[in-house]
Amino acid sequence: MLRGCKALLGAITLAVGLSGAAKAADWPSGPVEVIVPYAAGGGTDATARFLAQVFQEKLNQPFNVVNRTGGGGIVGLEALVNAKADGSVIGVTSADLSTFKWFGQTTLTYRDVAMVGIYNMAFPTLMVAEDSPFKTAKEAFDAIKADPKKYKLHIGSSIGNSYHISFVGIAAAYGINPAEVPTVTGTGAVNGVQELAAGAVDFSLAALAEADALMRSGKVRPLLVLGQEKASAMPDLPTAKEALDVDWQFGVWRGVAAPKNTDPAVLEKMRTAFAEAYATDQFKQLMSAQGFDVFTVPQDQIEAFVDKSEAAAGEALKQIGVVK
Amino acid sequence: METLVAAVGLVFTSEVLLTVIASSFLGIVMGAIPGLTALMALALILPFTFYMSPVAAAAAMVSASAMAMTAGDIPGALMRVPGTPASAAYTMDSYTLGLEGKAHRALGVGIIVSAFGGILGAIYLMLIAPTLAEVAFYFSSDEYFWLTLLGLSCTTLIGGGSTIRSAIAVFIGLGLGTVGLSVEGGVPRFTGGYTELLGGIPLIPALIGLFAVPELIKMARPVADNAARIVKVKGRLFLDSIADVWRYKRGILASSNLGAVIGVVPGAGSDVAAWITYGLSRRFTKLKPETTEWRLQGVANASAANNAALGGAWVPALVFGIPGDTLTALVISVLYVQGIRPGPSIFTESGPEVFAIFIIFILANILLLPMAWMCVRAMNLLMQVPRYAIVPMILTVCVVGAYAADNDSFGIWVMVVFGILGWILESNKIPLGPVVLGFILGRPLEQYFVASLQKYGGDPFGLLTRPTATALAVCVGILWSFQIFSLVRNLIGTRRSIKPQGE
Amino acid sequence: MERVFPIALICAGAMAFYTARSYPKSMFSPVDPGTFPSLLAAGVMVCGLLLLIGTFRKTAQPVADEDASANMGMSEFMTGVALIGVLILLALSFDVLGFIESCGAVAVALAYLQSRRIIASIVTGVLVVAVVYVVFKTLLAVPLP
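Residue numbers (my numbering), protein chains in the order written: chain L, 77 to 400; chain Z, 579 to 1081; chain R, 17 to 161.
Note that these hints are calculated values from the structure, not bench results.
In this text the structure is predicted, and so the values were computed from the model without any measurement.
Watch out, some of these pointers could steer you wrong.
Heads up, simulated EDC-like pairs for lysine to aspartate or glutamate below, C-alpha to C-alpha not over 20 Å straight-line [what the hints assert, rightly or not]: (1) L/360 x L/305; (2) L/225 x Z/580; (3) Z/796 x R/117; (4) Z/1007 x R/18; (5) R/41 x Z/678.
Chain L on its own, in the form it takes in the complex (with noise of 0.2 Å):
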């Protein structure tokens, strides 16, 4: 009932934003809102906040942020899908959000939005107790291989999260079977970190900056990066390759997204504005002040990029019976 008229309503409001459409060529050529699927104050909001006010210093139009929360996400990129594509509205989208699909909560992924530009990958640690008896990644790995149900796993949020989802799959590749790891899920990588000093997990896995605090007061202390790229702020810590010889990856990466049918020479003139706001120090500046590596794949690669990220998703959860 509640559905159908909302549906209807949304017809109407439809019908009447059509005949109003702007021919944008020139881009903008009006105020743009960039939709920000996550709540107000995190990470990703305030990377997005940044980019709109370099976007409104060089292109003259302002650039309002709009935090559409809710669905863990999903309600954003919702509203970035269905928006009008006459280039009024931009978004923030990430691989978290492709994820979802996966897990049957949604058919929409980065395909259903055009692509701009993509700014950071994110991957996480793998974390233990200061007095933990492992110092090098490739011992915790190896005790792990000989009894894979002996040490606890603290995974931060729910399975199948995009944490979860790079230690899978680096463990798959070192021969371990994942799905025998006893997981513990908690209320996030904070969290897990937590019940890694309070002695109630064996590892955690969480991003540097999230085991911040922690790490500080001498609790607890990273063994790897659950990837390929170095963190900025610990450039002593391995890879997955250097430490355990291990290829795969799979990082959150976050971009800018404009809706699906937005006119190519519009997308074009985004995509120039995006680099050029990229190259600025400002923005690298903001970025590791909030403990974000900059990081950036060049125009005609994303597409290979995305898809090859996707694909590892779905291997990961296959691994763990997420996929069937």
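For chain L, the structure is supplied; the task is to place chains Z and R on it using the hints.
Same frame as chain L, now just chains Z and R:
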């Protein structure tokens, strides 16, 4: 020391100070309007805080809640309508005093001791919170599970009224908390196919609906009963009551301490603190009942306690991320949005911000005196506003609040549905406080439960292996056996006549 | 009349219990997605039953607190229905008409409901909506439609 200097620097900026004054003003107005509670003041401020700095956001919450708590006494004394649930305990006393022409003393005492209790609560927060944080480093999901359960059980014990109804309220709240993706995997539960619900029911629109709509319904009745007698304040508010405050100094000190401690217990907030201290002060008083002094004493003790509880409730909120009451539940979500993560590491992660919050607590309670004075003076004017303008005003602000939480009109639907739910529950005398607490704690409770069982391979007795966890479990066990005992006694029928205190 | 609520509660609990039982088993975790909701649903049913028993035993009836104005009269019921009706209309029209129009109409209607004075109601409604709109949209940049 450096932290303290940094904290002072954070507090004394024009943004923060202006926020303190503006939200104090809002808090006072909201508290003084019957039916609008401190909680609603915070829910209304919430969309504003998204655009503030972390300290300013916390300052808004602290000052609005302190003001609303105190201002709630004012309509109680003048119109026999408690402005907030916490002032309901002594409304009859202060109103009777008002009818006797002593409203200025009742209010003066109430305001002065409120400021005192508030400052004492802040000191508690300063002293206890860092110590507790050290301990909390060793808390795992087992301990958190029992602690959360303890908090929920406390609400049914001391929520006032019937145990069964409080229990129903908690269960309904917990049940609402399970809506959304399941905690361990990604199975959608009770979402009815709405994507918007996958992340759970949006809290703010739900709260607005639950509390505001039933109250609006009461207020929107065509006004026929204007017969209520209205008390006017004559005499000097503070000067005439200093002597009274001094007379009850020991009781006020004891009540403030007790209030702060009650605030620290997760789940028991200002309302509970007010009722318990009021009850105790009545039991142990040496004064003759029904006299002016006797009434003033009750007002003084309970007013001090409910403000002291405000500070105390921040302790578990900051240290464990577990709200001490419904107010701090909202505070926690604000802190998260602002990038301040409640938890034992908050003092290393956000030290200056936390100390800034302490300073604001004291500041706000000092500011309380002139603000409340102005409020009492303005009360006569405020009562001139046509009543039919109040309902549309509140409703419009509620709609904006429900919408702005997610920038989605789905929030308005949530508000409507929860408004209907709140109305049904309130008509059936189900208390709304425990519903909200259950709703907020439901997801964490399940998360801790699931995490612990995962650690112990599904063995529920694993929850009893860690010593602190076992101790907490024993507390829960004792509490439950008391509950069940009294329930059984009630059903068997050897019931003593239990009258709610304060009638 | 007072038995309707406990019975409704038991039914709601039973429905929730049934739904929770239908959720798939988790292959990865010892706790299934339905475990916790079923426990809660059972709790609701037990409490509803106790409440129902209470209504049959006058002695177990809890003392009604006066300030809750327990005796809901017809007028309050009608106000409630009217207010909720207005709210549903508002939610339906919000996306189409936008904030000013739909909230303005509702504000005027509510003011009229209480005061029965047309001009005063219109003035109130317009004033309220204008002030709220300016404060939130202009000063706080809430993207109201």
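Results of checking the hints against the structure:
| no. | hint | verdict |
| --- | --- | --- |
| 1 | L/360 x L/305 | holds, 17 Å |
| 2 | L/225 x Z/580 | violated, 47 Å |
| 3 | Z/796 x R/117 | violated, 26 Å |
| 4 | Z/1007 x R/18 | holds, 11 Å |
| 5 | R/41 x Z/678 | violated, 67 Å |
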